[in-house]
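If you want the building blocks of each chain, they are given just below.
Protein chains: 2
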Amino acid sequence: MATTLSDLSVPIFVQMLTSLSGLLDKAAAFAEAKKVDPKVLLDSRLAPDMFALARQVQLATDFAKGPCSRLVGIDPPKYPDVETSISELKERIAKTISFVTGLDKAVIDAAADKDVTITVAGQPMTFKGKAYLAHMALPNFYFHVTMAYAILRENGLDIGKRDYVGKVPA
Amino acid sequence: MATTLSDLSVPIFVQMLTSLSGLLDKAAAFAEAKKVDPKVLLDSRLAPDMFALARQVQLATDFAKGPCSRLVGIDPPKYPDVETSISELKERIAKTISFVTGLDKAVIDAAADKDVTITVAGQPMTFKGKAYLAHMALPNFYFHVTMAYAILRENGLDIGKRDYVGKVPA
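Residue numbers (full-length UniProt numbering), protein chains in the order written: chain A, 1 to 170; chain B, 1 to 170.
There's no promise every hint is true.
Since copy identity is lost for identical chains, a pair holds within one copy or between any two.
No more than 27 Å apart at the CA atoms, straight line, and that leaves these computed lysine-lysine pairs for DSS-like [to be verified]:
no.	residue 1	residue 2
1	K128	K105
2	K90	K39
3	K35	K95
4	K26	K128
5	K128	K161
It should be emphasised that the hints constitute simulated quantities derived from the structure, not laboratory data. Only a predicted model underlies this, so the values are computations on that prediction, with no experimental measurement involved.
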């Protein structure tokens with residue numbers, strides 16, 4: 001059996017978004033145990049000009065639903081960036097997982113050599129579907145998931161690499 | 001043209017390790033401009049029980065050479081973890097890039113459905129090659145590259161997402 005583009009997209013997004021949702025559960029429990037407002041964590045960032053945790057989670061979902069939509073050839077669903085609580089962010093993650101798993105795998109697979117044009121720094125850039133996934137979508141997706149983990153870790157949460165890698169699909 | 005496992009492994013490692021090497025150049029320039037010992041950056045970490053920058057760089061290379069070796073079916077080259085300077089870490093990155101680009105792509109491609117057994121938390125776990133790459137190797141690889149970026153960013157380096165994503169292969 002050959003490798004397909006859907007093998008290397010949807011299940012990765014599902015794995016890591018599920019982990020991210022679990023990290024948010026641990027953040028909620030941490031806030032409760034420490035008697036701090038969960039907003040303190042959601043507004044936390046590693047540097048003044050970096051995005052805070054809530055935005056990192058939104059961007060992680062954007063880099064799942066956006067790339068999958070572009071591979072399939074549909075407009076990405078628009079989620080207004082209005083989440084202000086852990087439960088709302090978890091809902092956004094769940095919605096994203098449900099969206100990407102609902103896409104037709106065969107259409108994703110067929111996009112391997114399709115041109116995908118995106119705008120980078122104001123300039124249109126065209127990639128083959130598989131290059132777009134491998135070299136733009138996944139690096140950006142992983143960036144925001146890892147940054148969310150880093151912010152929580154830097155805030156003192158007792159989480160480890162296993163919480164990040166999560167459950168590996170069989 | 002179908003998707004192959006080599007499409008979704010070696011060029012990703014090369015892209016991101018090249019970025020990482022560029023981040024280390026910026027770290028060296030930053031240390032010089034601020035008149036601080038580069039060791040301060042290499043020893044910097046986000047939390048007391050997280051790895052420092054130098055170790056994150058070593059682990060990023062390990063999660064490139066290790067997975068590629070396992071897919072090909074050879075023992076990963078052993079690099080002693082002795083780097084104490086930016087130039088030594090850059091050398092390790094260069095050696096890793098040269099190693100993974102020297103592997104036979106056809107052998108990597110053929111590993112998509114080969115069993116790969118690794119030890120996770122003391123237990124052997126067996127995956128098909130493509131699942132191992134997608135669900136274990138890449139999440140771990142991206143974790144350490146992003147963490148290196150996060151440590152530098154938190155130290156005040158003027159770097160951005162473009163430094164992280166780097167040069168996308170044509």
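Enumerated hints in conflict with the structure, sorted upward: 3, 4
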